[in-house]
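Undergrad: Residues per chain, in single letters:
Protein chains: 2
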Amino acid sequence: MKFSILRDRLIQSVQDVSKAISTRTTIPILTGIKIIADEDGITLTGSDSDISIESFIPKEEDGNEIVAIQQTGGIVLQAKFFTELVKKLPMDIVEIEVMNQFQTIIRSGKSEFSLIGLDAEEYPHLPQIVEDKVFKIPTDILKHLIRQTVFAVSSAETRPILTGVNWNIKDNQLNCTATDSHRLAQRTAEIESTNGTEYNIVIPGKSLNELNKILDDTSDLVEIVITDNQVLFKAKHLLFFSRLLEGNYPDTSRLIPTDVKTEIVVKTKEFLQAIDRASLLAREGQNANVVKLATLDSTPGLIEISSNTPEVGKVVDQVQCQSIEGEELKISFSAKYMMDALKALEGMEISIRFTGAMRPFVIRPINDETILQLILPVRTY
Amino acid sequence: MKFSILRDRLIQSVQDVSKAISTRTTIPILTGIKIIADEDGITLTGSDSDISIESFIPKEEDGNEIVAIQQTGGIVLQAKFFTELVKKLPMDIVEIEVMNQFQTIIRSGKSEFSLIGLDAEEYPHLPQIVEDKVFKIPTDILKHLIRQTVFAVSSAETRPILTGVNWNIKDNQLNCTATDSHRLAQRTAEIESTNGTEYNIVIPGKSLNELNKILDDTSDLVEIVITDNQVLFKAKHLLFFSRLLEGNYPDTSRLIPTDVKTEIVVKTKEFLQAIDRASLLAREGQNANVVKLATLDSTPGLIEISSNTPEVGKVVDQVQCQSIEGEELKISFSAKYMMDALKALEGMEISIRFTGAMRPFVIRPINDETILQLILPVRTY
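Residue numbers (our numbering), protein chains in the order written: chain A, 1 to 381; chain B, 1 to 381.
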C-alpha cells in the first residue's frame, strides 16, 4: 500500500473513526485504525465492536485530487499514535507507505514516522447489512431527535434496556423515547420510508451520543437501515454501525398522565435560570439537588422556586408566569432533571401540566406536540 | 452591614480573591470570603494563609456610583456558595444585608439568597507590612518575568526551596531564577527602586502563578514591598500578599557554562514543532519523553531530531538551521523541558550553545541577553 493524501482530509476522517475506538477493548487489533487503499480512494475504519465507523475519502472531489494511490493494499495502525501524529505533520501532503513486516512509513516534508502496524486481514469484518429496510431523515432533525432524548437514558446497568433510546417506527412516523424510570423524554418526527414496515428497536445511548458528535449540522438526508441486531446510519462518505440492545422496551405510554390539575405557562429561559440558582443550595437532608415549586396564593401569576441546605443557607426565587390555571400546588423535584429537560426544549415558552404533588408532570413547548418531557416528583412537602 | 453594588464589579472582585482560597485549609474561616463595608467602599479578602488577596471596590469611579453603602460592617461568607451565586444573580444590582446571627441576605431582582455567615472579627489579620522597601515594575513585564521562569520550579517537596523562584534585586536590576535541578530558567529586568537596598528572596511558584492569573496585561506599575517573610504586590485596587520561602537558594551561577563547543541558530517555531512531533514516540526504555538531536555531517545546516518507542515505532525529523558552528554533536534531552523552555522564549530565532553531550546547554533568543534557559542532557548515546 502506498498513497499520498491531503493532510486535512486525513485528519478529519481519522478523528471521525477514532470516536468508535476504545482503549479498553479486549481485542487488541481494535485499538487500531484500519486503512484500506483501493482504486476509488481510502477507507478508514474504527470499531469497539459495539460501534463501528467507516469513513471514505474519494480519490477526487469536485475535480480536485485528494488522494493519489500508487499501490493498493491495507494496514492497521495504533489509533493513539496515528491520530496524534497526523495532526502534527508539518506539510499539507502526507505520504503513507507499507514496507516489510507491516512497518509503515508516514512522511510529510522532512518528518518521517515509522509505525509498526498490524495485518489488515486480521481486522474483524463489519456487519453485513441487507439494505431493504431503509428510511431517511434530514441530518439536522436526526441530531435534534438525539439531543432531545438521549440525556434521559439510564446510566445504571441494572436494567440494561433503559440505557438505550427506544425508536418506534410506524406510518412514516418515528417516535423516540428515553427513560431512566425517574424521568422520560419523548420526541416524534416525520420520516421518509421506502415501505410500510414497522420497527421497534432500542439503540444504545452511547452510540447515539457518538453519532451526534460525528454528524454535521446539514439538511442532507441520512439513510437508516435496520436489521435484527444492528442499525446502520449512512451519511455522505460515512457509515456508522451500532448494535441494538436486546429485550423488550417497557410500555411507557401509560406513564404519561392525561388529566391536568394545575397548568403553568412560563418563559423557558427565566424558569431555567431560577432553577439553576435554586440548585446551588439544594442539599436538603437526603434529597441532594431537590428544589421546590409553589404557586403563590397572594400574588397571582407568580410561582416560587426555593431550596435549602441546612448549615449553609437557602434561596427563594420568584418567577413571573404567563398563566397559572387550576389548583394551587406545592411540589418538589430534581433540579438536574428539570434543567436537562428545559435545555432539550427549544420553545420560548413552555407549558407544565401537573396532576398533584405526587404524580409525574409533563413539560412541553407551547404549540409543539412533537416534544414531551416527563419528570417524577420527589416527596418532601 | 448593608449595601447595594453593581453585580459585575462584585463578580470580578470575588473571582480575584477566590484565587487565594483553598478548600483544603485546616482553618475553617479561611474557606470564606471576608467582606467589609466602610465609608469608602467594599473590601473583599481571601486567604489560604500562604497567599492573601485583598480587592477594594470604591464607592464611585470616574463619577459613576458602584456601591451605595447604607450601613457599614463586615461578614465572612462561604466562598464556594457565594462565588457561584453572585455569577447567577438575575439583575445588574445586588443588595447584601447582614441580619441577626450573621445571617446574610443577598437580593437581586426577585431572587433572595440567605447564607449563614461567620463573624468578620474572627478572620485572621493580614500581615502588617511597613512600606519602606518598595520597588516598581510595569505589570506586563512582571507577567512576562513570571511566565518565563515559574514553570521551571521543582514540583517535588524534597528540596522545598526549589519550589520557589529566586528574586535577586541589586543595582536597579531584578534577576529571577527557577530550577528543579534538571533545568533552569532565568530572566532579568530593569526596575524602579526607591533606594539602593539589595534583596535576595524566594517566592513560592504557586504564589507567582496565581499572581500572574490575577493581573491584567497593562503597562501600569505594580509596587512590590518586601519584608523578612512576606512580599506584597500592589496593583490598582488589589493587594496580593505571599509568604516567602525560608532557606538559602543555591548559587546557580556556576551551573551556567561559559565555553561553547557547538552552537546552532534555529527558528523557534519550526524547532518546537519538530520536538513536539518527536515527543509522540519518545518512550525509549526507561527514558520517558527523551528525544535525540544530532548534527548531520552529510547535509550542512540540517539537524536531526529523533525518538523511538520499541514495539510502536520511531520518528525522524530534520530541521533547517540558520547556522551550525563548532563540533559535531549527538545529544539527548527531555522533550518536555525543551518545549517548556521554547514556549517561554519570545524571539523568532534562538541560539543553543552546547558544551558536549554530557554538559548542560543554554538556549537564548538571539540578540536578547535578558532570558536564559538551561537544560541538563540525558545519557542515552
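These aren't lab readings, by the way, just hints derived from the structure by calculation. There may be inaccurate statements among the hints.
Identical chains share a label here; the pair holds if one copy fits it or two copies do between them.
To be verified - Distance condition first, Cα-Cα at most 30 Å in a straight line; then the derived DSS-like pairs of lysine-lysine:
#: 1; residue 1: LYS136; residue 2: LYS80
#: 2; residue 1: LYS267; residue 2: LYS136
#: 3; residue 1: LYS330; residue 2: LYS59
#: 4; residue 1: LYS136; residue 2: LYS213
#: 5; residue 1: LYS314; residue 2: LYS336
#: 6; residue 1: LYS213; residue 2: LYS143
Undergrad: Please write out, lowest number first, the hints stated earlier that are contradicted by the structure.
TA: Structure breaks hints 1, 2 and 3.
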